[in-house]
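Novice: The chain contents come next:
There are 2 protein chains.
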Amino acid sequence: MVQGKRSIPLDMYVLLVSQNVKTLSVGSSSMVNQVQRVEDTWRTCSKSDSSGASNSGGESSKESSRSSTPVLDTDRTDRLRDKMRRRTESGDHWFSLEFFPPRTASGAVNLISRFDRMGSGGPLFIDVTWHPAGDPGSDKETSSMMIASTAVNYCGLESILHLTCCNQTKAKITGYLSKAKRLGLKNIMALRGDPMGADWEEEEAGFNYATDLVKHIRCEFDDYFDICVAGYPTGHPEAESYDEDLRHLKEKMDAGADFIITQLFFRADTFLKFVRDCRAIGITCPILPGIFPIQGYQSLRQLVKLSKLEVPDEIMRVIEPIKDNDAAIRNYGIEQAVGMCRVLLESGEVPGLHFYTLNREVATMEVLRQLGLWNEDPRRTLPWAVSAHPKRKVEDVRPIFWASRPKSYIYRTQDWDDFPNGRWGNSSSPAFGELNDYYLFYLKSKSSKDALLKMWGEELTSEQSVYEVFTSYITAQPNVAGHKVMCLPWNDDPLAPETNLLKNELDKVNRRGVLTINSQPSINGKPSSDPIVGWGPPGGYVFQKAYLEFFTSSENVTALLKVLKKYEPRVNYHIVNVHGQNTTNAHDMQPNAVTWGIFPGREIVQPTVVDPVSFLYWKDEAFALWIEQWAKLYEDESPSRMIIKYIHDNYFLVNLVDNDFPLDNCLWQVIDDMFELLDNPQEEQPAEQPNDEQSDKEQPGK
Amino acid sequence: MVQGKRSIPLDMYVLLVSQNVKTLSVGSSSMVNQVQRVEDTWRTCSKSDSSGASNSGGESSKESSRSSTPVLDTDRTDRLRDKMRRRTESGDHWFSLEFFPPRTASGAVNLISRFDRMGSGGPLFIDVTWHPAGDPGSDKETSSMMIASTAVNYCGLESILHLTCCNQTKAKITGYLSKAKRLGLKNIMALRGDPMGADWEEEEAGFNYATDLVKHIRCEFDDYFDICVAGYPTGHPEAESYDEDLRHLKEKMDAGADFIITQLFFRADTFLKFVRDCRAIGITCPILPGIFPIQGYQSLRQLVKLSKLEVPDEIMRVIEPIKDNDAAIRNYGIEQAVGMCRVLLESGEVPGLHFYTLNREVATMEVLRQLGLWNEDPRRTLPWAVSAHPKRKVEDVRPIFWASRPKSYIYRTQDWDDFPNGRWGNSSSPAFGELNDYYLFYLKSKSSKDALLKMWGEELTSEQSVYEVFTSYITAQPNVAGHKVMCLPWNDDPLAPETNLLKNELDKVNRRGVLTINSQPSINGKPSSDPIVGWGPPGGYVFQKAYLEFFTSSENVTALLKVLKKYEPRVNYHIVNVHGQNTTNAHDMQPNAVTWGIFPGREIVQPTVVDPVSFLYWKDEAFALWIEQWAKLYEDESPSRMIIKYIHDNYFLVNLVDNDFPLDNCLWQVIDDMFELLDNPQEEQPAEQPNDEQSDKEQPGK
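Heads up: the sequence lines are chains A and B, in that order.
Throughout the first sequence, residue numbering follows full-length UniProt numbering, covering 1 to 702 in sequence.
Throughout the second sequence, residue numbering follows full-length UniProt numbering, covering 1 to 702 in sequence.
Derived by calculation from the structure, the hints in this document are not laboratory data.
It cannot be assumed that every hint is accurate.
Identical chains blur together in the list; that is why a pair holds if it fits in one copy or across any two.
Simulated crosslink set (DSSO-like; lysine-lysine; CA at most 30 Å straight-line) [claimed, not checked]: (1) Lys449 - Lys632; (2) Lys566 - Lys323; (3) Lys83 - Lys565; (4) Lys181 - Lys391; (5) Lys566 - Lys83; (6) Lys503 - Lys619; (7) Lys565 - Lys323; (8) Lys140 - Lys503; (9) Lys526 - Lys484; (10) Lys503 - Lys393.
This one's a predicted model, so the numbers in the text were calculated from it and none came from an experiment.
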């Protein structure tokens, strides 16, 4: 971070660095818009030994062979430029969001959860800016590379990584690109970047302009990356003239860029003229307007100074009188942005809008909401968050256990060569990576240690006080100390709307020490458009088998096993303790599909399974979370820690599946029967009711 | 066939040849029951270059790795000896059936349909006898090899091929075994066979005894085959003594045989003593009693003479007085067999019964029915007949088009290396073999040309007379000439019970030239035990999308295409003519699952798809059947032939899928709309009713 050096706010710095692209090289005028092989007038293209850089052609030809994947959503497999083209052709409007990397680790945690929230609104892509002075290609959790990788892999967002080339060696740039490719990034915003000092001069064989970087990417990585470049509606501040600047832009396109995002501007006309001028010299690719909702007086002034942009009088006239009223400024900024965006969209020249968010949510979301572009009811492609890593694009089955910890699942399977497509059994044997890295920023709790102690208890006095934490979480009621429990070690978010359907039952059983960490209701053919349980394309139907997963004491398990005999073969169970002592009535190897969907013109999709093999990997993680996330909040040897340790050492992790999805979920009855047996141990056959229910099963009342 | 030589009835010959096993070699006494590697005291085992004979170990080790197949039925993948063991351990009784190869091609057609009928009763296996003089290993449709191969591949029956070694070279025997393996046969009944002449002598390095053959199989093919050998409850007629014979049997077991089937006998005690004696000398494998229901006086006398068996007095006393009354003899035979089988089963020594059927159905089926062993309500593993070829054992998806021609499907895919497991898209690209071989016996109509002409019309006068043939078939009503139409070129059997559910609608549309050849109703979660549409293991639910496939005129198709616009995206269609002119609204590559099942503890099974690629292969076959099976019944250039030719050249083949399986099947409404449009061409928008129906779809009344 060079924040101190220029003493401008970080966000402004980012904005400027990312947009300042030197475009002074000589123009050319061939047609563009689709990617062309670079006519290599630049320098001899001698490919360096970049890992796998040359086999991208093979990959795409493989994709065009007969599909073995009933992909739910073409969007998942297309590359960004194709998605953009399809959306544009369909007359659909869309938006994208720009972020800059955070300064601190906790900033990274916050940004990742912002990605999740803003991702739900349906951006076509996000992009992450590049800070040459901030070690942007490193493995630090705050680096541009890691933030963009996390967005792709863990948040499932199509992402563009910015890259500046000024003062960089070719080897260094190729190294960044190879790493980006390895991490699953498929899109690069190719920029020159600010010269590092005042004494900057063109280097003979170096990167002097963004065009050089575009050529280098195409030379070294062929067509693997989609490349975006910057456009300047009022001309680049360092350009000799507006026309000269346009010609440089044309050069970047000719070198192989795919589309353009513009610097911000204040008047729709500025942009529309720019588009006309681009078209006139043969630039035919998508040109996305960079939208900057004004969010404060000072930041606007700084921006104006550094970017050499002129704020129009009509804006200054409104702003000056309210310059000390942040809320008023922001409201005006929203209003102004909405008005300008409307003009842009109505022009027919603008397929999508690109927002400079400055890592803030409110203004951008409000503008998008008013424009009707924010997706208020996001349709899920699958019932879990899909990773955007190209290697994972066929993945459509996962074990249910990581339902609330999808990032951990992705982390632990990141080294897999194949991902299961269609059925879990087709995956290579599920060798899960170890999870000892609870400190990883995308796995860390959003809450601080203090906040966690408030939620989970400054001091625990008994197992019962643990039960109460679970109950508070389930019911969203404050705990004894008056704090709401917003998360548990196994779930960093409040109860999902779907789980909320089970709230009353969950409350009841958690009070008695059936500590639930994962559950789903049975669903017998709800429309795929259902706001709570729906997923997949329209016109389909989704189904679920009821699932319940919980920790409970060994006394409870003894009773439960007796009770479960009456539910054969309707209920499948797996019961295991931390030492791996394992009891099940399920087939050793055979996964049980517990979520599936039927869609028009497609094969069946079964995205969630209960897999007996994976469960034992999950078991290790689920037990470890007691210690890593909870016990370690307390002093060593403290009674609180000992209580958690006791649970960890002695409780069992249980999962139950009710196979008879058309009937009412019987799992609550199973738990009730267990409690009844515990309460009345002498009468071990408490009424024949469950057997009656079983005989119903053969002829469900359909 | 050597029928003339000995002038005994063919069936008697078969019976004797197959049971006459010389067992005069020296005994040994190590433990048996599971397959052992041969202690090769016999001759040097120098493996010949038999194709793939040595890699069986690799195959089975592969099977033991983590299952990638949610196999519905363990029975499908186990080898015969394992099935037998599991059934025996579970205390389940079972039966098997012995057949001999037919003499004529039409006999082969009849035997194959007998396999289908008797296979439905649930035999654990069938076996096919071997006739050294009848070219038994050839490709002739009457050879033992081809009959057994057909039973395995096309009828889905676990089968044992008999093999006799007397007077054969090792190379010849190895050739037979390699061929059997290549054809998918996994079980051999190892027999010596009758010497070919009276001057037979032991050969130094040849096959003199069944033991030699057992050793040879184990030596050349390792553990690939399950091996059965013959046992003689009263001692082999050529054996020096009963005890000597028992020792020879022990030798066969020690050489690597897996189980024993006995020669027939007339008293339960004979068999039970034999089993005790076997156990006493260390034979621990399953010993299956050979049951011979007496079916006629003459055949019994012949048998007695040739086999040197003694018919007990108590049987002769009953039979002699009724010797001219075939029905009475058969009834007695049934009664006698049932009584004896009851004693055997109740003894606890008999896990299963082996029946010498003499290729007849009635007596054996009646005995099995009375014993309660005949499966009156066979559960289908999948909704189509599963092939028993070991290579196909993972197969659980097929295109719907061959639903009524499963043998043709198996024939056309016999060269595939992989079969789809779980989803159709996972198969290698579906390159179907050509089907020019309509003469193949397992593809031929059971009916003669004369019978077909009676059913399909001695003379056709118009397309309408073709429509009437279809209607007669659908309604099972006699045609104008008073003959019932029991089959059509696309379906050699009467309407399936499931299709019968659609009879009224099918009748109505066929009358107007919508010539249906394949259809299924929609099913929304019926129990897997449903007698009509159920399949798969108990406790599950089966589903279907409605499907309709028909030929119709191009005028109809023009109207249909207009109508179908109103049913987007609810209805997927493919419409193609013989020239390949193809219209569809479905994804080019994506199969549509139209039958699926949900079962306890398993992944989803989706055995039937509408696959756009395969449909074009099926189209060729479906159109060709007009010519090959129907037009060719008539003289060249005859009006009847020209009418069929006209339909072949001008009609379209249409398939329709109603994706909205929870709603009432809309495909009849589609056809109605088409007729309405044809009847009232001016009003091209005949009421908005279908649109209303479509809007219903979004919220089905569940």
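Novice: Each hint: holds or not?
Specialist: Each hint, compared with the structure:
1. Lys449 - Lys632: within (10 Å within a copy, 86 Å between copies)
2. Lys566 - Lys323: Close neither inside one copy (73 Å) nor across copies (58 Å); limit 30 Å.
3. Lys83 - Lys565: Between copies only: 27 Å across chains, 53 Å inside a chain, cut-off 30 Å.
4. Lys181 - Lys391: within (11 Å within a copy, 40 Å between copies)
5. Lys566 - Lys83: Classified as between: cross-chain Cα gap 28 Å, same-chain 53 Å, threshold 30 Å.
6. Lys503 - Lys619: within (24 Å within a copy, 54 Å between copies)
7. Lys565 - Lys323: neither (73 Å within a copy, 59 Å between copies)
8. Lys140 - Lys503: So lysine 140 and lysine 503 fail the 30 Å test inside a copy (40 Å) and across (70 Å) alike.
9. Lys526 - Lys484: Neither, since 33 Å and 46 Å both go past 30 Å.
10. Lys503 - Lys393: Result: close neither inside a copy nor across copies, 34 Å intra and 45 Å inter.
In summary, the structure is inconsistent with hints 2, 7, 8, 9, 10 from the numbered list given earlier, while agreeing with the others.
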